[in-house]
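Heads up, the sequence shown is in the numbering used here, so the first residue is 8 and it goes up one at a time.
Hints are computed from structural coordinates only; laboratory data are not their basis. Warning: the hint list may mix true and false statements.
For lysine-lysine, the following BS3-like pairs were computed, each having C-alpha atoms within a straight-line distance of at most 30 Å [as the list claims (entries may be wrong)]: (1) 402 to 359; (2) 402 to 459; (3) 459 to 359; (4) 462 to 359; (5) 462 to 402.
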Amino acid sequence: MNTRLPRSPALVPALAALAGLATALWTLGTPSLWRDEAVTADLAGRSLPQLGAVLGEIDAVHAAYYVVMQLWTAVAGDSVIALRLPSALAAAAAAGLTAALGRRLVSDRTGLIAGLLVAASPFVARHAQEARQYALVMALAALASWLLVRAEDRRGWAWYALSIVFLGAAHLFALLILPAHLLARRKDWRPFLISTAAAMVPLSVLGYAAAGQRYQVGWIERPTWNGIVNLLEGLGWGPYFALPALLLAGYAVFRRSPAAPVALPWLLLPPGLLLGVSLVSPLYVQRYLLFCVPAAALLVASGLDLLPWRPLAWAGLAVAVAAAVPAQLDVRRQDARVDDLRALADVVSARKADGDAVVFTDIRFRPVLATYRDAWRGLDDVLLRVSPRRTGDLKGREVGRNGYPAALAGAPRVWLVDNRVAFLPGSKSTAPAKRAALAADGFVLVEEWRYKGGKVGLYRLADPLPELTERTGGVPDAAAGPAADQ
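Starting from the given sequences, assemble the full structure and let the hints guide the process.
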């Protein structure tokens, strides 16, 4: 079908982008920041040399994103909305670019439906409201795919090569789209191979740096069936529409939709390659494949557009949107992330007092101080000897265990933040030693609050035992009473 609804070529992408922006901005500040976003907030607030020192040790694969966020927060600030707004804008761009791609490959209607499906995806909404780069990666993958189908001359291929550089810089695993692009060309592979080779030259530096930090993904486990089901639901607009989405995509392929040569390899090859490698060396994380959502949207939209009765396409879109509502609402809850750092901050903010100290059972959780800053302002990080900005990492350097009692001695009250962070092989928790030091210094637990991701306890110095007065004959000395009260 080649039904073209609007006359302006920009109208279809614009409508999809507006829908994507609306869904991304809705409740943008409601879900709590979580530990990965805390790292973004921390590093975005450092100087470029300080950031470079960190990236030499960890997170080189995220370097480009952190630089972008440094520039952004210098202008927009580091509020929750400001931190997440780039992701919301990227999700809107992805919806618009998907619509533009569908319009070019099939029709205005297919493009519009595909763009609206991206806007309605709970998987997209989850990452459109997060201060990490995965929505940006999705937008860049859609842009690269659009440039691929438009590339006809040297200039077009140069733009495509540049888009691949940006895509790989945003996340190296997104380069798994390249085999799909190779298959999408089907003929005249030479300009594609030349453009890709040119893009790999600058990206090889990033790849080398990331390879030296391979230990950072030691926490990733081998994929499970449950993880694969979650991926299918993520790419299928939630659990209630995953099967219809699969059937519609299959129908589009069966009917030889013009979108299939581009979208089908894009949908299948990156997940297949990443899952296959992860059976040997675990690397699979569901968010790494967010950039495949536009491919699923193109196939589902094509399947809807090929239905024999035109109103069925719009009815199918309405069903997909309705089926996604429960998952959409779920990802927008305050505690929808791994950690509910807002709940933690609310507890501390409402009860802190002058002179309070804070102690972290795991020093890797220290970036939380860069989130909800008002809650932590004024608290003394008493065990910290050298700040993370000076050590060039996220943790800083604390006093040794033998120095805990002396460091705690001057604080009247201590907040002990005990979060659930998976310990890397060979590492040990310092929580028992820190609790023992608190007890040795005479601190007692006043109250403890649990939040999603951990717990926080408030300790204060125990009241000294009252001095015993001398008693004679088991009867208190009457004269001693008033004196003792004084």
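Status of the hints after comparison with the structure:
Note on residue 402 and residue 359: the hinted pairing holds, with a Cα-Cα distance of about 23 Å set against a maximum of 30 Å. Of the supplied pair hints, the one linking residue 402 and residue 459 holds, its CA atoms being roughly 22 Å apart against a limit of 30 Å. Distance hint between residue 459 and residue 359 is fulfilled; the C-alpha atoms sit about 20 Å from each other, no more than 30 Å. Restraint check for residue 462 and residue 359: satisfied, since their Cα atoms lie roughly 16 Å apart, inside the 30 Å limit.
Restraint check for residue 462 and residue 402: satisfied, since their Cα atoms lie roughly 19 Å apart, inside the 30 Å limit.
The structure is consistent with each of the numbered hints, conforming to all of them.
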